[in-house]
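> Going down the list, the protein sequences come from chains A and B. Just add 3 to wherever you are in the first sequence, counting from 1, and you've got the numbering used here. Just add 8 to wherever you are in the second sequence, counting from 1, and you've got the numbering used here.
Hints listed in this document are in silico derivations from the structure and should not be mistaken for laboratory results. Mixed in with the good hints, there may be bad ones.
[Unchecked claim] Computed, partial: chain A to chain B, Cβ under 8 Å: (1) F60; (2) A70; (3) N73; (4) S79; (5) L83; (6) K86; (7) T102; (8) Q227; (9) E229; (10) I231; (11) D245.
Everything numeric in this text was worked out from a predicted model, so none of it was measured. All C-beta atoms in this analysis are idealised placements derived from N, C-alpha and C, irrespective of residue type, glycine included.
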Amino acid sequence: MSEKSTWDFGTMLGMGSARDIFMHKIMEIAETNKNIMYITADGSPAGSMQDKFRKKFPDQFIEVGIAEANAIGIASGLALNGKRPYVNTFGPFLSLRATDQINLDLAYNEVPVCVIGTHGGVTSGGGPTHYTLSDFGIMRAIPSMTMIAPADANQCGKLIDATLTYNKPMFVRVARGEEPLVYENQDYEYVIGKAITAKEGDDATLIGAGIGVHNAMMAAKALQAEGINVRVIDMHTLKPIDAEAIVNAVKQTGIVITVEDHNIISGLGDAVAAVIAENGIGCKFKKLGLPDEFAALGTPEELYEYYGFDAAGIIKTLKGFM
Amino acid sequence: MAKADPDLVARLKEKSKDIAKQLCDMTFHIGTAHVGGSLSMCDFTVALYYHFMNFDPEDLKNPDRDRLYLSKGHNGCLIYNIFADLGMYTKEFLYNGYNKIDGKFGQHPNRLYIPGFEASMGSLGHGLSISVGAAHAGRMDKRNYRVFCILGDGELQEGSNWEAIMFAAHHKYGNYVEILDQNRVQGNAYTYKTINMEPMVDRWTAFGWDVREIEDGNDMQQVVDAFESLPASDSQEKRAPICMIFKTLKGCGIDFMENEPKWHACGLDEDTLNECKLSIEQNRSGGR
Chain A
4 MSEKSTWDFG
14 TMLGMGSARD
24 IFMHKIMEIA
34 ETNKNIMYIT
44 ADGSPAGSMQ
54 DKFRKKFPDQ
64 FIEVGIAEAN
74 AIGIASGLAL
84 NGKRPYVNTF
94 GPFLSLRATD
104 QINLDLAYNE
114 VPVCVIGTHG
124 GVTSGGGPTH
134 YTLSDFGIMR
144 AIPSMTMIAP
154 ADANQCGKLI
164 DATLTYNKPM
174 FVRVARGEEP
184 LVYENQDYEY
194 VIGKAITAKE
204 GDDATLIGAG
214 IGVHNAMMAA
224 KALQAEGINV
234 RVIDMHTLKP
244 IDAEAIVNAV
254 KQTGIVITVE
264 DHNIISGLGD
274 AVAAVIAENG
284 IGCKFKKLGL
294 PDEFAALGTP
304 EELYEYYGFD
314 AAGIIKTLKG
324 FM
Chain B
9 MAKADPDLVA
19 RLKEKSKDIA
29 KQLCDMTFHI
39 GTAHVGGSLS
49 MCDFTVALYY
59 HFMNFDPEDL
69 KNPDRDRLYL
79 SKGHNGCLIY
89 NIFADLGMYT
99 KEFLYNGYNK
109 IDGKFGQHPN
119 RLYIPGFEAS
129 MGSLGHGLSI
139 SVGAAHAGRM
149 DKRNYRVFCI
159 LGDGELQEGS
169 NWEAIMFAAH
179 HKYGNYVEIL
189 DQNRVQGNAY
199 TYKTINMEPM
209 VDRWTAFGWD
219 VREIEDGNDM
229 QQVVDAFESL
239 PASDSQEKRA
249 PICMIFKTLK
259 GCGIDFMENE
269 PKWHACGLDE
279 DTLNECKLSI
289 EQNRSGGR
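Next up, chain B with everything else stripped away, as it sits in the complex (with noise of 0.2 Å):
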């Protein structure tokens, strides 16, 4: 597979490692946050935002926008951020109206308070059927946008994602592309010794699903070569519907928090938030 742009992948990561420090910045000032599943997404979900996705913020109602549906909304706090950084609203609008009776930022994103969430999401397990509605509609429009949802690995514990994902394969979606975070740290442990999800592969595939692993999820480098290597989005052709699977690693770039369970959710003290931002200068730069 021809490799990236090598500028383009120095500036997304560059990017990430600028939205993680800002994740860290507002966790400090509004007192908490899902930080360590919005790290493990954070690569993908840049690339996502400031470059692989049909997405203006000046522009939000756009019919032939992509799509992306944040089924894991506990970590849309990452997407706030990124919102913020794209200029569609500053960051004391975000700090001064997180998690107030009168403020727009909850712990899971509301769609009717912040425009460009796609669907208002938190409850696990919602997503993936919302999406693929909404890939439907863009069938129905033979409109060529592409849907994203993205899911947590926990989340697949929760049955309501099998009748989408088995209702996705029937109907071979063309414009469809799930996006697996597999940090295989759900909120209060890891997830193969909760319920085992392995073999993740196997089991998308066994559902009828064009299944794409990508071994360093958090490496900005094979982030990039796995979007460019999508086929084009067609609404109307019908294929298996794309699985790509990121294995990620949680609180990916500060290092006492990588791939442990209590930093799931937290608070960071000034202290904590200077070691945060230092260990992602020094340790956020994929290929580990």
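Looking at chain A on its own, in the form it has when it is part of the complex (with noise of 0.2 Å):
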């Protein structure tokens, strides 16, 4: 029986909230560099970072209230002229409200505006309409645009260093609040559109995004035990894709299995997928992540159980296909 897969794993490897430590970052830029702005809707309470933000660079803040689609506008028109601008707040208002200002305002505009949707997948807990669980597809599908899940709250802190230089407009999904951490060493370089091999192993692959990491890597910690050496592969931007990373996979290990938090249609797993089949190579080959239909109702863990992708569910899927 594998390790079971709790957001308890983080009190061994230490808890992080990657809303807490995107915001503490944004901060530490925006003292130096003025033209770093921080927009959200309706999501600066008395208290939290976002208002400790407000309270510290008044200037470089904006709440625009419940309005994600003026948000990115605003965005737009700021980095027009100069700024650079971070845009937080739920995900799958970002994601799907927001979807006509982002692919026309930022993506055909180029501008590098970094948008951040919280509440990934289904982290939010709050059921179908606070779910995020279309931007993956929806991102890809806009031209030029970037798509990025760090795989934990730490990671998401060198995402945000990374953001100065890639003057791109780009998507940031993250998790709802702490979540467990996947590195216990942070001493990794990491670099947009670079997957990380997060485990080596040449027995199976389990390429995950956000997290789905930590699923997977809960899953290969398990299967070590049991002698299987499964490579995990932290494929932290879905476009763009690293090709190599996967290719590499298929034919030093014949067996690929995407974890996601996010519909299996148009997702990490379709990525990949996309990846094998052109490059004309094959392999034992399964989509792990929500089946097409609003998702049930429950906590993160409970659902990724019921739908087969917490560490049991990898495991068993993997276990098929040896």
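Hints are included, so try docking the two chains, each in its own frame, into the full complex.
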């Protein structure tokens, strides 16, 4: 039996909230770079990091109210005039309600705006209106858009550093709040567009994005105890995707399973499958994630188990291939 | 209110006629263009580019330039002609590069293709938010450039505008001027029959804007008076943002096009082109 995939894993490796970490980083860079701006849509409750930002840098902060489309449009106008906005609120409202503005005001106008959607996947626990299950697919389909899902909170901090020299529009998905840290050692290089091998192995490959990396790591660690060496690839950048890492995984391990807290249509799995097919190489392959339905209610852990992409579900699928 | 310099009015009126004719020439050469709404906004747009805006075709990146955002991007064809007239490129470059694979001129303008456009536009309901963001940047940078945004009245049916209308009124930009081309005709029908937008003035006023109605937005005298009455742009001043409602005529100056929805977008054969130019010469004098 595998290690139980729960958020308690964090007590071993330390927990962190990506929301706090990216705000901390944005505050850090806002101190020296006065073009850095933080824009939110009803996302700055009293006492929050956002509220601290507002108090510390009132001229670099905008609260638009419950108006995500306007938040993106304002950010575009600011970026067209030399500012570097970070727009952040609930992922579903950014990725769906403001899709038109992300497509035209940001991507078509080619402005360096970083959109950060929190409550990624089912992590809000708020039901289908508050799940973010289409962002990977939507952003992948928008020309020139970059789509990123950091594996954990600390990686989110590394990403914010990387955005400073990445002059393109991008969408970043993070989870709701505290999530388990994937990397015990933070001393690794983070480059947008370059996958990270979170765990070496040649018997099979698990490719995850966002929380999918954590679930994959949990499965891989449990399998390691059984003598099965599974590679875990952290595909934090869904677009542009690191095709080389995928091709190597196929050739070297023969089994690829993708893990994502996203509709299995249009997400990480489809992106990986396209790379495999277009390279004319075959392998045993399975996409794990949310099926094409409005997902059930429950906590993230319950839902990952229910839909078969917690550690136990991943192990079951993998053993079926072996 | 003091009347504007008659020489200025006469010069801009002539230029507006000239640009209207150039628009027709372009339409003849390229096959089809959004003529109707271009003619309704022709007078105030000419007044802006040829007199009231700090706009230098040879210094398009000047940080203190005034910014004009064309939310009704389908009328970019009017500005294509103004830019050519200002010597930014030749007519041949425009005619040969319209809707071509390697061309620069689409039905809707792209800022990356044609320097001078502040943003790429086309889908309605985007320009207000973007331009308000530009006004906010001006406030942050303590520069007093003015930000203009040209909107259509039909376009106001898009809900996104009202988010930006609320936002701008809340933040009270002293460097912002919204220009509404109220020609009362949208893509396929009369605006008031589709979704009635009246009372337009009351709507903007209720949202906290300083509304200035221009009774005949195609009368250059009234256009010039309206622009001259604007307070100086002051990015640090907090005041109700200004909304200039120009009551215009779609297809203005071409008698058979005026107020006729079918001329929203059209082509012109040689005979029709000549009729258009003759009509512009005879009728496009404003003060209807």
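> Decide, hint by hint, whether the structure agrees.
For each hint, the structure was consulted:
1. F60: At 11 Å from the nearest chain B Cβ, F60 of chain A fails the 8 Å test, so the hint is violated.
2. A70: holds (4 Å)
3. N73: holds (4 Å)
4. S79: Holds, about 5 Å.
5. L83: holds (6 Å)
6. K86: holds (6 Å)
7. T102: violated (12 Å)
8. Q227: violated (50 Å)
9. E229: violated (55 Å)
10. I231: violated (51 Å)
11. D245: violated (28 Å)
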